[in-house]
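Take these sequences, add in the hints, and give me the full structure.
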Amino acid sequence: MITPTHYMMLSAALFMIGVIGVMVRRNIIIIFMSIELILNAVNINLIAFSAQLQNAVGQVFAIFVIAVAAAEAAVGLGIILAFYRNKETINIDEMNLMRW
Amino acid sequence: MAEAIAFYFLSACILGFAVLVITTRDTVHSVLFLVLDFLFVAALYVLLGAQFVAAIQILVYAGGIVVLYLFVVMLVNLKRPPEAHQDPHRRTGWGFALSVAVLVELAAVGAYSYARPASALAAAGSAGMPVTGNTEQVGWLLYTSYLIPFEIASMLLLVAMIGAIVLAKREL
Amino acid sequence: MVDSVVIPLLKIVIVLNATLVAVTYMVLLERKVIAWAQSRLGPMRVGPYGILQPIADAVKLMIKEDITPNRADRWVFTAAPIISMVPALIVYAVIPFGPEISLFGRKVSLYITDINVGLLYIVSVASVGVYGIILAGYASNSKFPLLASLRASAQLISYEVAVTLTLVSVILMAGTLSMVGIVNAQYNQHVWFIFVQPIAFALVLIGGLAETNRAPFDLPEAEQELTGGFHTEYSGMRFALFFLAEYANMIVVSSVVTTLFLGGWLPPFPNTPVLHALYYVPSWIWFFLKSFAFLYFFIWVRATLPRYRYDQLMRLGWKVLIPLAIANLVVTGIVKVMLL
Chain W
1 MITPTHYMML SAALFMIGVI GVMVRRNIII IFMSIELILN AVNINLIAFS AQLQNAVGQV
61 FAIFVIAVAA AEAAVGLGII LAFYRNKETI NIDEMNLMRW
Chain U
1 MAEAIAFYFL SACILGFAVL VITTRDTVHS VLFLVLDFLF VAALYVLLGA QFVAAIQILV
61 YAGGIVVLYL FVVMLVNLKR PPEAHQDPHR RTGWGFALSV AVLVELAAVG AYSYARPASA
121 LAAAGSAGMP VTGNTEQVGW LLYTSYLIPF EIASMLLLVA MIGAIVLAKR EL
Chain P
1 MVDSVVIPLL KIVIVLNATL VAVTYMVLLE RKVIAWAQSR LGPMRVGPYG ILQPIADAVK
61 LMIKEDITPN RADRWVFTAA PIISMVPALI VYAVIPFGPE ISLFGRKVSL YITDINVGLL
121 YIVSVASVGV YGIILAGYAS NSKFPLLASL RASAQLISYE VAVTLTLVSV ILMAGTLSMV
181 GIVNAQYNQH VWFIFVQPIA FALVLIGGLA ETNRAPFDLP EAEQELTGGF HTEYSGMRFA
241 LFFLAEYANM IVVSSVVTTL FLGGWLPPFP NTPVLHALYY VPSWIWFFLK SFAFLYFFIW
301 VRATLPRYRY DQLMRLGWKV LIPLAIANLV VTGIVKVMLL
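Chains as they are written, first to last, in our numbering: chain W, 1 to 100; chain U, 1 to 172; chain P, 1 to 340.
Hints were generated in silico from the structure; no laboratory data involved.
Hints are not guaranteed to be accurate.
To be verified - Result set (DSBU-like, lysine-lysine): computed pairs, CA atoms no more than 35 Å apart in a straight line:
1) P/K143 with W/K87
2) U/K169 with P/K143
3) P/K319 with P/K336
4) P/K11 with P/K143
5) U/K169 with W/K87
6) P/K32 with P/K11
7) P/K32 with P/K60
8) P/K319 with U/K169
9) P/K11 with P/K60
10) P/K143 with P/K60
11) P/K11 with P/K107
12) P/K32 with P/K64
So this is what it looks like as structure tokens:
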């Protein structure tokens, strides 16, 4: 019997995998992808609660999260491209000057 | 029973591919594992009865956002991978400690819920709404109660589109 | 148990086999039709009138040497044709070939399944099909295929937007996302949607041509450009898989256009008592006739029209089709509300 607790644990585990990815990796594109994992974890939680409470509001919220994630990915990748054109690197340790 | 098998299989795949996303050296392989992850998450949504959100997940996330990531990965494909040298600032220790802490926490939550089980989930249904069918419910809510967030989201997407074009252009 | 497991499995087996045979014979059909358009005969040697030509092609491709480039990414190189083929095949799960009929004393529906987000499923699966092209170009580890694959995928995702916006106006007319529901809506409204939404029909047809990389939008894979496009480094069975995927996509687009605009399995002017005689023709025959007409139209267009240049292609997708699709949607919405 699958209770909402199962879905919450899955969501928490996926969330933590995303956070660990953000903290450990140096490649900025992998960091962005870990952020997408975090957003997906939140979505799983929302949809699971929507199913438990028999209310479609959770799904509406999840659709908004997906829309915001799309906007954030587009702008973030634009920033990465602009930065790469200037500094030729995607290692965030080398992205450490505010002005040069 | 079938639902339990499906849930455990899907969550194993989701977590497995997520770990592969953050640990693979090659960025393109990482992106491909992310696509697979999103497809399995969409399958999980279908299991929960949210078919519209599952289709939107595949269409927007797997078919749009990750394609964008793949383009950028190919455009910044460097000769040497960016983490070729051992970085002294690398926080692997913190990552490991964090994962152990989370595992202990998950085990505690699991034991607590085993002692006091919650009720089972049903597929997402209507809660006194004038329409039936998953897409219709979501559409009803989206266009009546949550119309203003919907319009703001469309403005957000427009601004993001303009911002991405301006940022990625070579010369303005 | 029989109804829920055996019958769908049988349907899947039949549909998959029929599709694979159909895409193989599409090759022959294309060569023949283009040949006739150019006043020549096409393949005539293998079998009577060249009927066995696809079998010869298949044997040739299977026994060809399978070359993998030296520093190509092995896993991705192998996976790309598969990623191209699978979405083209799994779309058949929701395409309705006919209504529920009684076969051997049992009610059987002539579609594998009917999910309530059928049209959205088709669009999302088609958007996953882009990966095959991107990964094929990337994994070849060579300049020309990479550029060609980026061009092809940019073309695909641009026309996806136009087609999806157009499909929304069809959904407005039908009131449902399910494919069977759309055909039933055409039955209830006594008219095929092509007469109600002619602009949407033209847009979906043009968008479908561009989505499947067919002429006149086949710049990314034409031999005269970019040395053969994203499948340059592929040989043998993998190359065959790319082409089978393209023909399978063509058949999918034909089937979807038939279902959405030409009434799927319905005869012309459905639900009118005067034309009751048309119902004696089996429903799936109507479906195949209409899909075949569109396949012939695709091949005919390839034989006739010159190729679009890449910037003309992108201009058409973004500056012409998308505004037209949005305008069509707005007009459909207004008319639908006023005629409430």
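Evaluated hints:
As the CA atoms of P/K143 and W/K87 are separated by approximately 24 Å, the hinted pair is consistent with the 35 Å bound. Taken as a hint, the U/K169 and P/K143 pair is honoured in the structure, with Cα atoms around 23 Å apart against an allowance of 35 Å. With a C-alpha separation of about 26 Å, the suggested pairing of P/K319 with P/K336 holds against the 35 Å cut-off. Between the alpha carbons of P/K11 and P/K143 the distance comes to roughly 43 Å, so the proposed pair goes past 35 Å and is violated.
Restraint check for U/K169 and W/K87: satisfied, since their Cα atoms lie roughly 16 Å apart, inside the 35 Å limit. The straight-line distance between the Cα atoms of P/K32 and P/K11 is roughly 31 Å, inside the 35 Å bound, and the hint therefore holds. For the given pair, P/K32 sits about 19 Å from P/K60 by alpha-carbon distance, which is consistent with the 35 Å threshold. At roughly 19 Å between alpha-carbon atoms, P/K319 and U/K169 fall within 35 Å of each other, so this suggested pair holds.
For the proposed pair P/K11 and P/K60, the alpha carbon gap of about 30 Å is at most 35 Å, so the pair holds. Restraint check: the Cα-Cα separation between P/K143 and P/K60 comes to about 28 Å, which is no more than 35 Å; the hinted pair holds. At most 35 Å may separate the alpha-carbon atoms for a hinted pair to count; P/K11 and P/K107 meet this at roughly 13 Å. For the proposed pair P/K32 and P/K64, the alpha carbon gap of about 24 Å is at most 35 Å, so the pair holds.
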